[in-house]
Amino acid sequence: MFEYAPAPESRDIVDIRPSYGLFINGEWVEPQGEERHKTVNPATEEVLAEVAWAGEADVDRAVQAAAKAFPVWSAMPGAERAKYLFRIARIIQERARELAVLETLDNGKPIRESRDVDLPLVAAHFFYYAGWADKLAYAGFGPDPRPLGVAGQVIPWNFPLLMLAWKIAPALACGNTVVLKPAETTPLTALAFADICRQADLPPGVVNIVTGAGGTGAALVNHPGVDKVAFTGSTEVGRLIARSLAGTRKKLTLELGGKAANIVFDDAPLDQAVEGIVNGIFFNQGHVCCAGSRLLVQESIAADLLEALKRRLGTLRLGDPLDKNTDIGAINSAEQLAKIRELSEAGEAEGAERWSPACPIPDRGYWFPPTLFTGVAQSHRIAREEIFGPVLSVLTFRTPAEAVEKANNTPYGLSAGVWTEKASLMLWMASRLRAGVVWSNTFNRFDPASPFGGFKESGYGREGGRHGLEGYLAL
Amino acid sequence: MTTPLAEVASSPSTLRAFLHGLPGVDRVGADARAAMLGTRSIKTTAKKQAIDMAIRMVDLTTLEGADTPGKVRAMCAKAVRPDPGDSSVPPVAAVCVYPDLVATAVEALAGSGVKVASVATSFPSGRSSLEVKVAETSLAVAAGAAEIDMVIDRGAFLAGDYLKVYEEIVATKEACGRAGGAQGGRRAGGAQGGQGAHLKVILETGELATYDNVRRASWLAMIAGADFIKTSTGKVSPAATLPVTLVMLEAVRDFLAATGRKVGVKPAGGIRTTKDAIKYLVLVNETAGPDWLDPDWFRLGASSLLNDLLMQRQKMATGRYAGPDYFTLD
Amino acid sequence: MSERTERLSVRKTYKLFIGGAFPRSESGRSYVVTSSKGDFIANAARASRKDARDAVSAARKAFPGWSGATAYNRGQILYRIAEMLEGRRAQFVAEITAVGGVGAKQAGEMVDAAVDRLVWYAGWSDKIGAVLGSANPVAGPYFNLSSPEPTGVVAVVAPQGPLLGLVSVIAPVIVTGNTCVVVACERAPLPAITLAEVLATSDLPGGVVNILTGSAAEIAPWLAGHMDVNGIDLTGADAELAVTCEELAAENLKRVLRPPVDRVDWLADPGIERMTAFLETKTVWHPIGV
Chain A
1 MFEYAPAPES
11 RDIVDIRPSY
21 GLFINGEWVE
31 PQGEERHKTV
41 NPATEEVLAE
51 VAWAGEADVD
61 RAVQAAAKAF
71 PVWSAMPGAE
81 RAKYLFRIAR
91 IIQERARELA
101 VLETLDNGKP
111 IRESRDVDLP
121 LVAAHFFYYA
131 GWADKLAYAG
141 FGPDPRPLGV
151 AGQVIPWNFP
161 LLMLAWKIAP
171 ALACGNTVVL
181 KPAETTPLTA
191 LAFADICRQA
201 DLPPGVVNIV
211 TGAGGTGAAL
221 VNHPGVDKVA
231 FTGSTEVGRL
241 IARSLAGTRK
251 KLTLELGGKA
261 ANIVFDDAPL
271 DQAVEGIVNG
281 IFFNQGHVCC
291 AGSRLLVQES
301 IAADLLEALK
311 RRLGTLRLGD
321 PLDKNTDIGA
331 INSAEQLAKI
341 RELSEAGEAE
351 GAERWSPACP
361 IPDRGYWFPP
371 TLFTGVAQSH
381 RIAREEIFGP
391 VLSVLTFRTP
401 AEAVEKANNT
411 PYGLSAGVWT
421 EKASLMLWMA
431 SRLRAGVVWS
441 NTFNRFDPAS
451 PFGGFKESGY
461 GREGGRHGLE
471 GYLAL
Chain B
1 MTTPLAEVAS
11 SPSTLRAFLH
21 GLPGVDRVGA
31 DARAAMLGTR
41 SIKTTAKKQA
51 IDMAIRMVDL
61 TTLEGADTPG
71 KVRAMCAKAV
81 RPDPGDSSVP
91 PVAAVCVYPD
101 LVATAVEALA
111 GSGVKVASVA
121 TSFPSGRSSL
131 EVKVAETSLA
141 VAAGAAEIDM
151 VIDRGAFLAG
161 DYLKVYEEIV
171 ATKEACGRAG
181 GAQGGRRAGG
191 AQGGQGAHLK
201 VILETGELAT
211 YDNVRRASWL
221 AMIAGADFIK
231 TSTGKVSPAA
241 TLPVTLVMLE
251 AVRDFLAATG
261 RKVGVKPAGG
271 IRTTKDAIKY
281 LVLVNETAGP
291 DWLDPDWFRL
301 GASSLLNDLL
311 MQRQKMATGR
321 YAGPDYFTLD
Chain C
1 MSERTERLSV
11 RKTYKLFIGG
21 AFPRSESGRS
31 YVVTSSKGDF
41 IANAARASRK
51 DARDAVSAAR
61 KAFPGWSGAT
71 AYNRGQILYR
81 IAEMLEGRRA
91 QFVAEITAVG
101 GVGAKQAGEM
111 VDAAVDRLVW
121 YAGWSDKIGA
131 VLGSANPVAG
141 PYFNLSSPEP
151 TGVVAVVAPQ
161 GPLLGLVSVI
171 APVIVTGNTC
181 VVVACERAPL
191 PAITLAEVLA
201 TSDLPGGVVN
211 ILTGSAAEIA
221 PWLAGHMDVN
231 GIDLTGADAE
241 LAVTCEELAA
251 ENLKRVLRPP
261 VDRVDWLADP
271 GIERMTAFLE
281 TKTVWHPIGV
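Chains as they are written, first to last, in full-length UniProt numbering: chain A, 1 to 475; chain B, 1 to 330; chain C, 1 to 290.
To be clear, the hints were calculated from the coordinates, so they are not data collected in a lab. Keep in mind that the hints are not guaranteed to be accurate.
[Unchecked claim] Just the calculated beta-carbon pair ranges, DEER-fashion:
{"#": "1", "chain 1": "B", "residue 1": "Y321", "chain 2": "A", "residue 2": "Q93", "range": "27 to 35 Å"}
{"#": "2", "chain 1": "A", "residue 1": "E342", "chain 2": "B", "residue 2": "V170", "range": "20 to 28 Å"}
{"#": "3", "chain 1": "C", "residue 1": "I288", "chain 2": "B", "residue 2": "A159", "range": "42 to 50 Å"}
{"#": "4", "chain 1": "B", "residue 1": "P124", "chain 2": "A", "residue 2": "D15", "range": "35 to 43 Å"}
{"#": "5", "chain 1": "A", "residue 1": "E299", "chain 2": "B", "residue 2": "V170", "range": "31 to 39 Å"}
{"#": "6", "chain 1": "A", "residue 1": "P71", "chain 2": "C", "residue 2": "G271", "range": "49 to 57 Å"}
{"#": "7", "chain 1": "C", "residue 1": "G123", "chain 2": "A", "residue 2": "D134", "range": "27 to 35 Å"}
{"#": "8", "chain 1": "B", "residue 1": "D86", "chain 2": "A", "residue 2": "E45", "range": "42 to 50 Å"}
{"#": "9", "chain 1": "C", "residue 1": "G123", "chain 2": "B", "residue 2": "P12", "range": "55 to 63 Å"}
{"#": "10", "chain 1": "B", "residue 1": "E64", "chain 2": "A", "residue 2": "Q93", "range": "22 to 30 Å"}
{"#": "11", "chain 1": "C", "residue 1": "A135", "chain 2": "A", "residue 2": "E342", "range": "39 to 47 Å"}
{"#": "12", "chain 1": "B", "residue 1": "P124", "chain 2": "A", "residue 2": "Q93", "range": "40 to 48 Å"}
{"#": "13", "chain 1": "C", "residue 1": "A21", "chain 2": "A", "residue 2": "E299", "range": "53 to 61 Å"}
{"#": "14", "chain 1": "B", "residue 1": "T39", "chain 2": "A", "residue 2": "E46", "range": "48 to 56 Å"}
[What the hints assert, rightly or not] Looking from chain A toward chain C, a few residues come up when the C-beta cut is under 10 Å (computed):
{"#": "15", "residue": "W28"}
{"#": "16", "residue": "A242"}
{"#": "17", "residue": "T374"}
{"#": "18", "residue": "S424"}
{"#": "19", "residue": "V437"}
{"#": "20", "residue": "S450"}
All residues carry an ideal CB built from backbone N, CA and C; glycine is no exception.
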């Protein structure tokens with residue numbers, strides 16, 4: 001037997017302060033209220049730091065700082081804005097290891113992912129949009145596209161720094177200024193990013209970071225000084241925001257939930273399909289809006305595929321997220337763990353068969369084993385509701401048309417996967433799937449040059465690529 | 001002997017239908033999986049274990065036109081006792097030489113437990129008649145080779161003449177068993193339990209070009225009776241790669257499930273560092289499974305790799321980085 | 001010769017346009033359309049929420065076929081609509097002037113502009129994908145292509161005014177493959193129904209455009225809240241109705257085109273924003289390798 005010895009990444013590289021204020025107008029400031037919140041390492045339940053919870057007055061202060069910075073920033077030649085963004089991108093690369101460890105500590109995701117996926121994409125995103133800042137006239141939005149003003153941005157906890165990059169990079173490139181609220185359970189990399197803004201000598205007020213929970217987010221998106229709202233998170237909250245913005249002139253982009261079908265045909269490259277299924281639902285503990293949470297497998301190969309999938313699940317390594325060999329980290333919060341448990345229990349209660357590999361669970365922290373459900377029907381809650389955890393629902397189909405019908409039979413429309421070696425079938429499927437991203441013979445690939453976003457209740461607007469500029473420009 | 005799935009080779013069309021009915025391999029996905037496994041961090045005790053395992057899996061190889069008995073004897077000495085200063089270093093699995101030097105190697109390794117492998121079948125090109133290939137195999141086995149590393153006819157494979165490739169492997173396999181009377185042959189371990197020489201089938205994956213072809217050639221060789229499937233001759237670039245080895249490991253895993261017969265895998269060529277070797281072991285561990293982590297089921301065809309393994313081994317023991325002057329060049 | 005009496009005119013009944021047919025309102029309701037001087041012109045159907053529901057069903061049913069048609073085919077059909085509209089020029093001029101407010105010359109210009117607008121949009125059908133789509137140079141061995149796709153069923157609250165505004169809001173929605181349910185201008189619904197007659201004879205599949213006459217304030221909220229409607233164009237909604245509809249639209253995250261801030265000059269170059277408002281971007285990834 002070949003057991004890998006523990007290979008933990010050192011956490012000495014990060015310097016977490018005991019307490020954080022708000023980052024407004026280029027300065028660390030104390031909130032007006034007393035309320036503070038502890039952010040914990042979900043793998044150990046250890047308290048990492050205390051962060052401020054911004055109230056309405058704090059949000060107002062941040063929006064005013066952003067509004068004050070807007071004339072300067074928007075009037076700056078694009079080439080100069082570009083250089084700031086390039087500078088930020090470089091600093092991120094230089095501090096990548098530190099930021100990866102910090103992300104893993106605060107979020108619970110494996111260091112392999114924060115190191116090999118999140119951080120490279122964060123830097124790439126800033127590099128990509130840096131290049132747009134002085135080329136906006138060529139982006140197809142008219143000869144002189146104008147920024148909108150102050151962008152209020154609210155991001156989730158699943159890819160804290162990456163979502164920050166998706167929000168801030170295009171906003172700044174287009175000449176907007178930003179007030180960003182990170183998720184309450186994962187504020188630390190956003191606060192580190194505030195330091196990076198200072199390190200880059202970014203003009204004060206161009207980026208403001210206010211920490212807090214839903215109330216802070218609501219204060220931000222509803223602030224009359226905000227011209228643009230960008231939100232990534234649950235469809236439930238997205239709905240509330242869309243409603244609250246009715247009648248305003250605020251531009252809104254939403255990147256919300258999903259219940260993606262990962263469709264495997266009988267002629268699929270099976271070993272890669274198994275990898276794609278695993279990557280589709282167990283990447284980042286399944287805390288991925290575009291996760292391939294519904295496996296639709298052609299009935300003729302279902303038994304073989306499931307056997308291969310179970311064998312593969314048996315090799316997944318769950319545990320210390322800082323261990324470089326960990327595949328599955330911790331669930332981000334007790335609350336999320338409860339939700340995953342609740343839906344999994346519903347799956348069993350509704351008659352689906354539950355399976356997990358033998359998988360030791362650490363004593364402390366929030367953990368959920370990789371789980372799959374077979375015998376799932378379209379009507380089961382686990383086939384309809386976003387679980388946002390490492391839980392896969394397996395359904396079968398007989399014909400391509402049935403696969404399309406089942407895949408589209410959801411209010412969501414963020415992503416889908418298609419596995420076949422037959423190109424004409426792939427293109428036929430891709431054209432019929434009502435989803436913003438279709439991964440064919442791959443899954444969960446991201447790139448700053450590639451637009452991302454959903455159909456239907458998965459939200460509107462695109463992030464990434466040329467398309468990602470549109471949400472930050474007055475057309 | 002009965003070969004599982006032999007009936008698929010009853011005609012060119014059934015063989016073709018079977019091989020082309022295997023699931024395809026997506027190159028990008030296979031590359032990504034191999035690269036991800038390449039990021040596994042093998043440290044401390046696991047690294048120690050891996051280094052010794054890798055040493056025991058080495059097929060120490062010399063396949064040069066300039067090979068001489070002297071060169072082969074020197075290599076055999078190294079194979080038995082890789083580090084003269086440290087008796088805890090295990091011997092390698094085998095030495096691999098050209099057929100005419102088998103007798104020299106057999107003599108040098110007598111009683112050591114290190115096996116003698118011989119390339120055969122007009123290595124490396126395989127461009128000769130079947131009679132010559134069979135004769136060469138028989139002579140090598142008669143000279144005491146416990147293992148035969150044959151090459152497939154890549155021309156026939158790429159021309160779609162799978163049955164020709166199949167029949168050559170079957171014939172070579174027969175030659176391995178028929179001529180198996182010398183001492184080396186009896187010592188052959190693994191699946192055949194001492195029945196004739198062990199047959200490793202070199203696919204020369206660098207010439208097969210696609211992963212689909214690698215998968216088909218792997219199955220073709222296994223159906224024809226290969227005890228091992230081996231990536232490369234070392235004479236064609238690219239030689240062994242992680243993703244090609246991944247595809248072959250998937251093949252032996254699936255072949256066992258389909259037939260109950262276990263086949264070994266040998267990447268060869270281009271594996272020079274301990275880091276590389278450990279990546280291969282991780283690949284085995286997480287693809288075919290730990291059952292394959294044994295010299296009977298996994299080999300590393302290499303020459304310069306051994307000294308790097310020894311240097312890393314010494315570094316782990318002493319805490320100091322090692323220097324090449326302290327290891328023998330043979 | 002018998003005594004010559006003035007001929008009694010045959011009045012037209014203006015009905016709804018749903019699924020390619022011309023039903024009366026299921027409610028049986030109608031309302032009187034008058035000229036600006038208050039003279040009776042015609043009765044128009046006053047659509048109900050159930051008519052709106054039926055229209056959404058028809059639009060949904062038509063969506064796969066229309067969105068799946070080739071862009072070339074959609075362009076041909078839009079051009080055909082323009083041809084048919086041109087052929088009915090005199091009738092539209094008469095209907096527009098009857099409502100009052102504009103003279104025959106101005107009405108003629110508006111009809112001409114409406115025809116030209118349709119021709120303009122017809123040409124977009126097979127070009128918008130090239131303008132908005134992109135082959136994205138991702139950092140990896142992947143083919144990555146983004147292309148626009150229609151949002152689905154779109155509700156349209158048509159602007160005030162008889163024809164040009166109406167054509168200017170319908171054409172950009174359908175040319176890209178959406179289907180729609182239009183709430184026509186309440187005061188001047190007759191050109192809308194005559195337009196429906198044009199649509200019905202232009203090879204446009206039934207259900208692609210559905211036109212309801214009646215009160216926008218009554219019908220639009222039902223469309224805004226309908227869970228099988230994917231987008232809503234509020235161009236013709238007043239401020240209060242727009243807010244109501246936008247709030248209702250949030251329930252299933254409809255794409256909302258808010259009413260314009262300033263009065264729209266329908267004769268101006270429309271730009272592509274009315275098309276992009278109801279387009280989704282789909283990005284397809286596929287590995288590249290042997």
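27 to 35 Å was suggested as the range; check whether the CB atoms of C:G123 and A:D134 agree with it. holds (33 Å)
Using the C-beta atoms of C:G123 and B:P12, is the stated range 55 to 63 Å upheld? holds (56 Å)
Pairwise beta carbon distance, A:P71 to C:G271, judged against the given window 49 to 57 Å: Since the Cβ atoms of A:P71 and C:G271 sit about 27 Å apart, the hinted range of 49 to 57 Å is violated.
Do the beta carbons of C:A135 and A:E342 sit within 39 to 47 Å of each other? With a Cβ separation near 43 Å, C:A135 and A:E342 satisfy 39 to 47 Å, so the hint holds.
Please check whether B:E64 and A:Q93 have a Cβ separation lying inside 22 to 30 Å. violated (45 Å)
CB of B:Y321 to CB of A:Q93, is that within 27 to 35 Å? For A:Q93 against B:Y321, whose Cβ atoms are near 29 Å apart, the range 27 to 35 Å holds.
Using the beta carbons of C:I288 and B:A159, state whether their distance is inside 42 to 50 Å or not. Check failed, 27 Å falls outside 42 to 50 Å.
35 to 43 Å was suggested as the range; check whether the CB atoms of B:P124 and A:D15 agree with it. violated (57 Å)
Can A:W28 be said to touch chain C, with a Cβ gap under 10 Å? violated (35 Å)
Is 48 to 56 Å respected by the C-beta to C-beta distance linking B:T39 and A:E46? violated (26 Å)
Could one say that the CB atoms of C:A21 and A:E299 fall in the range 53 to 61 Å? violated (41 Å)
Minimum Cβ distance from A:A242 to chain C below 10 Å? At about 4 Å, which falls below the 10 Å cut-off, the nearest Cβ of chain C leaves the hint on A:A242 intact, so it holds.
Taken one by one, the earlier hints fail for this structure at numbers 2, 3, 4, 6, 10, 13, 14, 15, 17, 18, listed in ascending order.
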